[in-house]
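One line per chain: the protein sequences are D and R, in this order.
Sequential numbering of the first sequence, starting at 3, is according to the numbering used here.
Sequential numbering of the second sequence, starting at 2, is according to the numbering used here.
Just so you know, the hints here were simulated from the structure itself, not pulled from any lab data.
It is possible that part of the hints are untrue.
Stated by the list, open to error - Straight-line alpha carbon distances no greater than 20 Å define the calculated PhoX-like cross-link-like pairs of lysine-lysine that follow:
| hint | chain 1 | residue 1 | chain 2 | residue 2 |
| --- | --- | --- | --- | --- |
| 1 | R | 138 | R | 201 |
| 2 | R | 48 | D | 6 |
| 3 | R | 201 | D | 363 |
| 4 | D | 362 | R | 201 |
| 5 | D | 244 | D | 363 |
| 6 | R | 48 | D | 121 |
| 7 | R | 106 | R | 138 |
| 8 | D | 363 | D | 190 |
| 9 | D | 411 | D | 35 |
| 10 | D | 35 | D | 5 |
| 11 | D | 35 | R | 76 |
| 12 | D | 367 | D | 388 |
| 13 | R | 76 | D | 290 |
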Amino acid sequence: MTKKRIVFSPVTRLSGLLSVEVVEDRGIIVEAKASGTLFRGIEAIMKGRHITDAVYLTQRVCGICSLAHGAVASYLLDELYDHDISENAQYLRNIMLAADILQNHIRHFYFFSLPDYVKMPEQPPFLNQNLTDHRLSPQDNARLVEHYFRAIVASQEAHQLLTVFGGKIPNQHSYVHGGVAVAPTADKINQCLALIYSVHSFVKECLMPDTELIANVYRNCFTIGNTPGRFLSFGMFRFGPKNQYSLWRSGVLAGGQLSVPEIHLISEDITNSWYVRADGQELPSPYKPAAYSYIKSVQYAGQTYEMGPLARMVINGFYRGGTSSMDRIYARAMETLLITELVIDWLKKLVPGPPPIHQKKVPVKEHAVATTDVMRGALLHSVRLKGEQVEEYKMITPTTWNFSPKNNKGQSGPAESALTGTVIPGPDMLYTILGRIIRSFDPCINCGTHVLDAKGDVTGKMVF
Amino acid sequence: MPKPSINSDSGDNNIAFMNTTYPYMGQVFSGLIDLLYSNTFMAAQGKDALNILEQGATELRGKFTLVVEGAIPLKDNGLYTVIARTENYSLTALDAVTWLGPLAKYVVALGTCASFGGVSAARPNVTGSVGVRNVLKREVINVSGCPVNPDWFVATLAHLLLYGTPELDNLNRPTLFYGFTVHRHCQRRSYFDQGQFAEKLGDIECMFSLGCVGPRTGADCPYRQWINHVNWPVRANTLALAVPMKISLTVPHPFLRPYQKKMRLRIKNNQLFLREEQDD
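Isolated chain D (complex conformation) (with noise of 0.2 Å):
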């Protein structure tokens, strides 16, 4: 027997809890397991509410994407009620979801991704990091260690911003259906146009100069935690009273062909996801023989596909390059910058004046599907409505796609695809390879195990 069984558990430096089992054959990865094995049940607790009350609870799904549900339960609301969403409401609203997206993307690069190349203090909570292939120079890791310390200072600084307009955040407070309830007046915009700036400047002198740096050194990182390179975006940053402009573009890129996304398209799968079916009713069942995860497997016209920064970099053109694990970190820090230049723009661009909302009081419509994209990838949520009280509420996250278990077919999500075939040169080096390519997801397990009580498909139609 030459095959080994290896449990990968906790994979730390993550939102959620992942758990990961990997079978090795003479130093390669022949099968990859993801398991989510955390489990909440939020859509339930949506099932009877008052349908306002969506954007505030479903942002309790996650904490490091808490305006991303709100967000786009906000677009969801827009639709039930027909809103007009005024050109400085959306500034705003572009505003808040990008800084959300800058703080994540600077604290997944630096606290999540950086102790995988870079060796840290011994001092909790760096102990026993046990990084086994380490190549920066005495200088150049001293200096990354001392980023990561001002990326605290930087991330906060983009959640300040978000806060000046939010009341708070994790769980922001103004960005509802109808606009934004907070009055973009002249002290709050220059208040974060110096916040930003700042932001700004971090990222320019030190994440990207950071990635490059560490996308130059670990080199043989852009051969390793490969996709099948099927890239899937909703597109990202709303403008028009509808929501029905989007700044970066959706798109379906298969076989170098790129198409416009089509809900209808989209299907889930509970083979070996821990959950059965029953009257029409979907319920968690951790016992369920050979099931391995709380995440299910999504697929778009039957296959599996990824998303997040590469994905939305790739479909608009903004890079060129593979699929690796070295690929997604450095989109991401690409889009990390042109998003505070966006914020910047965006910011001069607010009118100053009252606060840009407008609630008209009842839903003229009883189903809709909201869309987005946002920090980890494509987000939706749908709904049905029985008078104003929700009878189902159905969320489809990014990391459920990448993080999608074997499906009927027996076809792997891309993390598990990005695994597997990888070659492990010792047995001292799988946690730190396996580790690599895992974070180069940006993995949130908490979005991605939120589920339940649906039935049936996501349908309906989406204008792109």
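Assemble the complex: chain D is given as a structure, and chain R must be docked to it using the hints.
Using the frame of chain D, we list chain R on its own:
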């Protein structure tokens, strides 16, 4: 102060912790605590991480502080939150808390889910989630909030370290932060007293009329404010939702319904919520 942290909620409380200022997070790491085990921050991974937890529990018995983030699922042996797996077993949040809780010098429940169940325990509560205080037979200091204000958490740790257990209210929360209601110190209190109420979000008057539950929210948000103390929900023209409270997110009333109507809804439909509300 050695501190392992167990997390099983949405992760918003560790993000809240990252937003602490003076001390910033780096200063907390270097000057206040030794964060031994934290799924979010630790450099160690896999068994190297679990070893730290096992070693710490033995060597620092009676000396460490256990910080729990997230509610504890009880149903199906707690398998809805598995912190780590080995070839032989799954370590659930329930296992970890029952194992480490009795060994710790202090136990801190961080956030409303860990304190009282919060959104994780909201109806229909398919995972059977409860707060830490329902799992452990010992004192649990609740630092609630959804998420917690970073000051509430970092200053509670500082208090434990420098002055011991802080004064606690009837829900075991430090009175220093939760002792007065939002309503009492609200910037819009004068509007309430004069009967001037907002008609819609964005108005400058008191939002009691829109569903603000400031009168039932014990928290110092109006004074303290959030993220380097720049803003808080009411100042952002929105409601206090009572998220640090026991009833907050578990009661299925609409957030944006006037307060009096919420009260009627609860009384009419659910005795349990009414009873629970009385210990707030």
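_Just to be careful, I want the Cα atoms of residue 76 of chain R and residue 290 of chain D compared with a cutoff of 20 Å; is the pair within it?_
Holds, because 15 Å separates the two Cα atoms, which is no more than 20 Å.
Run the distance test for residue 244 of chain D versus residue 363 of chain D: straight-line Cα separation, threshold 20 Å.
holds, 17 Å
Next item on the list: For the pair we were handed, residue 48 of chain R and residue 121 of chain D, check the Cα-Cα distance against 20 Å.
Entry: holds, 19 Å
- Query: Does the structure keep residue 363 of chain D and residue 190 of chain D at a Cα separation of 20 Å or less?
  - Reply: The given pair, whose Cα atoms are some 29 Å apart, is violated under the 20 Å limit.
- Regarding the pair residue 411 of chain D and residue 35 of chain D, is the alpha-carbon distance no greater than 20 Å? holds, 15 Å
Take the C-alpha atoms of residue 106 of chain R and residue 138 of chain R, compute the straight-line distance between them, and say whether it is at most 20 Å. Given that 20 Å is the threshold and the Cα spacing comes to 14 Å, the pair holds.
**Item:** Given hint residue 76 of chain R paired with residue 35 of chain D - CA-CA distance at most 20 Å
**Value:** violated, 25 Å
For a C-alpha distance cap of 20 Å, please report whether residue 138 of chain R and residue 201 of chain R respect it. Distance ~46 Å between residue 138 of chain R and residue 201 of chain R Cα, so the pair is violated.
Open item on the list: Hinted pair, alpha-carbon criterion (20 Å max): residue 35 of chain D, residue 5 of chain D. Please report holds or violated.
Closed with: holds, 15 Å
Q) Taking only the CA atoms, is the gap from residue 48 of chain R to residue 6 of chain D under or equal to 20 Å? A) holds, 16 Å
Practice task
Assess, step by step, whether the Cα of residue 362 of chain D is no farther than 20 Å from the Cα of residue 201 of chain R, and give holds or violated.
Solution key: holds, 10 Å
Problem - Proposed proximity, residue 388 of chain D with residue 367 of chain D (alpha carbon, max 20 Å) - result: holds, 10 Å
In the structure shown, a violation is registered for the earlier hints numbered 1, 8, 11, in ascending order.
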